[in-house]
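From just these sequences and the hints, can you work out the full model?
Chains A and B, in that order, are what the protein sequence lines are. Using UniProt numbering, the letters of the first sequence correspond one by one to residues 1 to 324. Using UniProt numbering, the letters of the second sequence correspond one by one to residues 1 to 398.
Think of the hints as simulated: they come from the structure by calculation, not from any bench. You may find that some hints are simply not true.
[Claimed, not checked] In silico EDC-like links for lysine to aspartate or glutamate, alpha-carbon gap of 16 Å or less:
{"no.": "1", "chain 1": "A", "residue 1": "Lys195", "chain 2": "A", "residue 2": "Asp245"}
{"no.": "2", "chain 1": "A", "residue 1": "Lys22", "chain 2": "B", "residue 2": "Glu177"}
{"no.": "3", "chain 1": "A", "residue 1": "Lys195", "chain 2": "B", "residue 2": "Glu372"}
{"no.": "4", "chain 1": "B", "residue 1": "Lys243", "chain 2": "B", "residue 2": "Glu261"}
[To be verified] Only part of the chain B face toward chain A is listed, based on derived beta-carbon distances under 7 Å:
{"no.": "5", "residue": "Thr153"}
{"no.": "6", "residue": "Val166"}
{"no.": "7", "residue": "Asp194"}
{"no.": "8", "residue": "Val204"}
[Claimed, not checked] Label-pair distances were calculated between CB atoms; the ranges are:
{"no.": "9", "chain 1": "A", "residue 1": "Gly187", "chain 2": "B", "residue 2": "Asn8", "range": "48 to 54 Å"}
{"no.": "10", "chain 1": "A", "residue 1": "Lys253", "chain 2": "B", "residue 2": "Glu351", "range": "55 to 61 Å"}
{"no.": "11", "chain 1": "B", "residue 1": "Ser78", "chain 2": "A", "residue 2": "Lys319", "range": "33 to 39 Å"}
Model, not experiment: these values are computed from the prediction. Glycine included, every Cβ here is placed at the ideal spot set by N, Cα and C.
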Amino acid sequence: MQLNLLQAINQALDIAMAGNDKVICFGEDVGHFGGVFRATSGLQEKFGRARCFNTPLCEQGIIGFANGLAAQGSVPVAEIQFGDYIFPAFDQIVNESAKFRYRSGNEFNVGGLTIRTPYGGGIAGGLYHSQSPEAYFTHTPGLKVVVPRNPYQAKGLLLAAIRDPNPVLFLEPKKIYRASVGEVSEGDYELPLGKAEVVQEGTDVTLLAWGAQMEAIEKAAELAKADGISCELIDLRSLLPWDADTVCESVLKTGRLVINHEAPRTCGFGAEIVSTVQERCFLYLESPITRVTGLDTPFPLVHEAEYMPDHLKTYEAIKRVMNF
Amino acid sequence: MTEVGYKNATRTPQVRFVENESLAIPMFSVLGQEGEVDDSADLSAVDPEQALNIYKAMCFTRVLDERMVAAQRQGRISFYLTSTGEEAASVASAAALADTDMIMAQYREQGALAYRGFSAEQFMNQLFSNELDLGKGRQMPVHYGSHKLNYMTVSSPLATQIPQAVGYAYGQKQAGEGAITLCYFGEGAASEGDFHAALNFAAVLDAPVIFFCRNNGYAISTPAEEQYAGDGIAARGIGYGLKTIRVDGNDALAVYLATKEARDICLSINKPVLIEAMSYRLGAHSTSDDPSGYRSKDEEQKWRQFDPIERLRHWLFAQKLSGQALWDEVQDKALDESLRAEVLAAMKAAEQVPKPRLRELVTDVYDTPTLELQRQQEALEQHLAQYPEHYPKTAGRV
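Right, dumping it as structure tokens:
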């Protein structure tokens, strides 16, 4: 059936809750209202107030509560309304969720925890409704970080995240919540965490992105194709742990890599990829690995289009690495 | 008039600000320092034999603390943190729970863990970070935890356990286990945002949790009067809509009775309760602290007169069981000697146990080590094999 990304997420939550009484969804406005983006629509009516409910407006409370619930053996799916507002919960995520199993010697764990949050620009949200905070969390051993690119991926990855025995931060590209529509299998299925996907094979240059930026590299690849350049497209899907083997295998073949992410450049997750790929593929590189990213500014409002690492900036980067 | 966002408000034509003093929260106390009982106090819920068990766990805690401060001074362990003067607050509250109730502690409640049955050997294995430590040598001394004893592993960041206790209790309610969660923290930690988040969540979401504040007067060097301006921590409970009680934290029987009642409330109506136990941290914050820089010997001496162990001992000496004295001086001296011997023997044994193996460095980050982590582990092993003399703890014990 054809679903948009929000509907796919809603369906994944529905399936997870129907299949396991211990799955509990909560967050600000998540209950009867169904969340400000409506990702949890209908869940309270179907599963009751005890399993889908509003919380007070307090992110550190939401994740603190979720950590305890997970430690008890429940399977919390906590929503942070916008990724920009996850920082009051930073301590609970980075010092608590991520370290719960390790610090207790596996006496306790919060493996049941999934944190869902919309991230990224493209909705005229300015500084505080647009950020891509993934790199703050990929620097934290003990967490998994996952970003889907379309409805099919979102449903399968979210079901896998909810059932994974580790805490998972699930970043949802809100720009394409409704814009991304695609075929989604009706039943229950999971897609693997920690595995990248080669979405288009090519021979000249590898283009790497995740989430909403997959669209930018797909468009750039079309432009390059007209110039006779063959692009290999990879969706990283999981940022922690990330699938360096699939990426390096591709770069060994093409000899060129362009990484695209929306977050600011300095210390963005692209830097980690560049470092690992040059270590493993140094003698095979035909040109410097190149990043197309957001600028090192707070997220802008009127200059959003200029800020974004769009398909044209990516196309120019492709030409640079081809002509190096 | 419809009520949106407030309760029980009457209209008044006067400008009148409500002040802190209007609350005047009393302190529940039943035992005097000589063990005398207030005439109007009801001790029918106190079983003298259980009171004796509370007393024994308090004595064990005192002995353990004294021995381990000395061990830290001798360089045998890196760090320690005593609960001297506060033994009644942790032990007697834990005694009012069922074994199936979860305890989520801060770091100064070793008495509660001792009452639950954590052995001297288990305390020592954690303190010496040896391979028998349930925490696999990963956390500094005093960060105990035991799944079997329903005692959540302690973490250093303050107050993080408080909203977690609410989530844990909510899960217990959902599971219909008839169990609750008790969460310990200090009056300093109650300044953290997590405390406020927790009380509000618990009240709104009807979680069967007891928030147990040990108000011991100091957060390291900062006295309570520089920590808050309101009427202690108890006043905040009322603000968030919790049933709240203030109790004499040096009165083991009062702590026990208040906690027992709080547990009944939690279970019968699925509501949270706040207990503020007033006490005094007789020792330093930790072995890294020296209180002479911020408080007087006279002040400490004054509080020594309210020693919770002596108070309970006096009461026990006066108890009769089938016409016989429940506890006497001779038994008391024998207990002290046996506890000292037990703690010393456990310490000497734990010192000899090897450190955890190197592979425990990468286990439990995830349920299984990631590919990247396996590669880092292999690289580390190769490096250690090259320079074994520089890494004596793990050389040859991968």
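**Q.** Hint numbers not upheld by this structure, sorted from lowest to highest
**A.** 11
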